[in-house]
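Colleague: Each chain, written out:
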Amino acid sequence: MTRTTSKGVISAAMLSVLASTAGAEIGDKLVVNGDLELTVEAPAPAFMADTGIKTIYSGWLFRDPDTQKIEMDDFDNPGMLYVDQGAEMWNTPAGTSNKSCADCHGDATETMAGVRATYPKWNEAAGVVRSLQGQIEFCRTEHQGAEPWKYAKAEINAMEAFISMQSRGMPVNVAIDGPAQSTWEQGREIYYTRYGQLELSCANCHEQNYDHYIRSDHLSQGQINGFPVYRLKDTQLTTASGRFVGCVRDTRAETFKADSAEFTALELYVASRGNGLSVEGVSVRH
Amino acid sequence: MTRIITLASGLLAIATMAAAEDVAPSAVSFADGGAILASLSGMPGDPANGAVVMVDRTKGNCIACHQVTAINADFPGNVGPSLDGAGDRWDESQLRGIVSNAKMTFPDTVMPSFYKNSGYIRPGAAFTGKAPEGDLPPLLTAQEVEDVVAYLATLK
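As you go down the protein sequences, you meet chains A and B in turn. The opening residue of the first sequence carries number 30 in this note's numbering; numbering runs sequentially from there. The opening residue of the second sequence carries number 853 in this note's numbering; numbering runs sequentially from there.
Calculated directly from the structure, the hints in this document are not laboratory data. You may find that some hints are simply not true.
Said to hold, decoys possible - Derived Cβ-Cβ restraints for the label pairs, each shown as a range: (1) Ser245/A <-> Pro989/B: 22 to 30 Å; (2) Ala978/B <-> Ala78/A: 45 to 53 Å; (3) Ala131/A <-> Asp908/B: 31 to 39 Å; (4) Gly986/B <-> Gly63/A: 55 to 63 Å; (5) Asp908/B <-> Thr140/A: 34 to 42 Å; (6) Pro959/B <-> Phe167/A: 55 to 63 Å; (7) Gly986/B <-> Phe167/A: 38 to 46 Å; (8) Lys182/A <-> Ala925/B: 35 to 43 Å; (9) Lys955/B <-> Glu117/A: 32 to 40 Å; (10) Pro984/B <-> Gly207/A: 34 to 42 Å; (11) Asn152/A <-> Lys955/B: 57 to 65 Å; (12) His134/A <-> Ala925/B: 48 to 56 Å.
Quick caveat, the model's predicted, so the values are computed rather than measured. Backbone N, C-alpha and C fix where the C-beta goes; we use that ideal spot for every residue, glycine too.
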């Protein structure tokens, strides 16, 4: 495996590192089940012009070939078990309304197609930007009249996985202007803040140093187009905000909570840095 | 006999004083270019312990970002340059400055400041993700900084 020491330079050398890391066996194309090609590389959105990043890359490209392969076949991808679980929950009545999600939303393959690609999203009635989990939780408590699921825990993650799958292969396309703009700006502010006793920002690692190694870990751009993610080391699903908790904690900082307004804003901002990459449904990482 | 005892207790007093006389993180003064001229602990460093501190994830964890040929660690990172030859490129006071607060030598560097204990944004209690109770100690003690500096000085 080639290791580059040129810092933060997007160059032919870097691309060759990506190619060699992605492995001769797999290459740099993510094709699922032999027929669905996902976009793992795209031009950076216009607002990223001053970041030095011209091309955005899915985290899939930075993983070792064995991990990459698991995401390429739904039979191998353990995340699909949660998708099945989510599908079952979709049809299960709950709460004082005794309604299922399907009772109001019908066939998810139609009504939820493309939804994941636009979240986090401004909700006019509530006057806030909602993450997908935030919206699911709202429907669960307000529309179904059921006990809330625990944010970023097994059940709601399974539902998020099921809904996310209905957008697999569609480009991430979150809105950053209009009423969402101030939340997006808050997220950007957080992205560049050097938290904790190690004084490291998201940008220090995922913008300035992607494609470098922190110990054995190959730094990606920290994209969230693949979320929710099945993590092999946790043997369960992780959400974007769950991942943020871990990354902030590792800077020896006091983290924000997974369902905090701060992390919803950050999720919007980070999602927007991936506008153009495919939603991967449920991805697989180490 | 009396004289020997006096001498011994005198030495003890000096040793105790030295330990008590660590330069506080807030009192460190940096020369032009970010160097720190005098030992932070008043004592020389122990290079062998310095190498240990550099590998320990809860202390220096330098190899997360730096490769050092003389330290045979699995998978060193490459966010920072190799430290091979650091003892040729920098003198001891410069190395002390870089380890204590690299931002004085390399403005905006991603390298953490190891001898500092204030000015943080949302500092946490180690890797718990929780707010600390009370003041945080610097990432390395004054003596650990000296030990690391002594080790770096051997990298020629």
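Colleague: Now look at each hint and say whether the structure bears it out.
Modeller: Verification of the hints:
1. Ser245/A <-> Pro989/B: 22 to 30 Å: About 28 Å separates the Cβ atoms of Ser245/A and Pro989/B, which means 22 to 30 Å holds.
2. Ala978/B <-> Ala78/A: 45 to 53 Å: Check failed, 38 Å falls outside 45 to 53 Å.
3. Ala131/A <-> Asp908/B: 31 to 39 Å: violated (54 Å)
4. Gly986/B <-> Gly63/A: 55 to 63 Å: With Cβ atoms ~58 Å apart, the hint holds.
5. Asp908/B <-> Thr140/A: 34 to 42 Å: violated (53 Å)
6. Pro959/B <-> Phe167/A: 55 to 63 Å: At 45 Å between Cβs, range violated.
7. Gly986/B <-> Phe167/A: 38 to 46 Å: For Phe167/A against Gly986/B, whose Cβ atoms are near 39 Å apart, the range 38 to 46 Å holds.
8. Lys182/A <-> Ala925/B: 35 to 43 Å: holds (36 Å)
9. Lys955/B <-> Glu117/A: 32 to 40 Å: Violated - the Cβ-Cβ distance for Lys955/B and Glu117/A, about 53 Å, lies outside 32 to 40 Å.
10. Pro984/B <-> Gly207/A: 34 to 42 Å: Check passed, 40 Å falls within 34 to 42 Å.
11. Asn152/A <-> Lys955/B: 57 to 65 Å: Since the Cβ atoms of Asn152/A and Lys955/B sit about 41 Å apart, the hinted range of 57 to 65 Å is violated.
12. His134/A <-> Ala925/B: 48 to 56 Å: Check passed, 53 Å falls within 48 to 56 Å.
The earlier numbered hints that this structure contradicts are 2, 3, 5, 6, 9 and 11.
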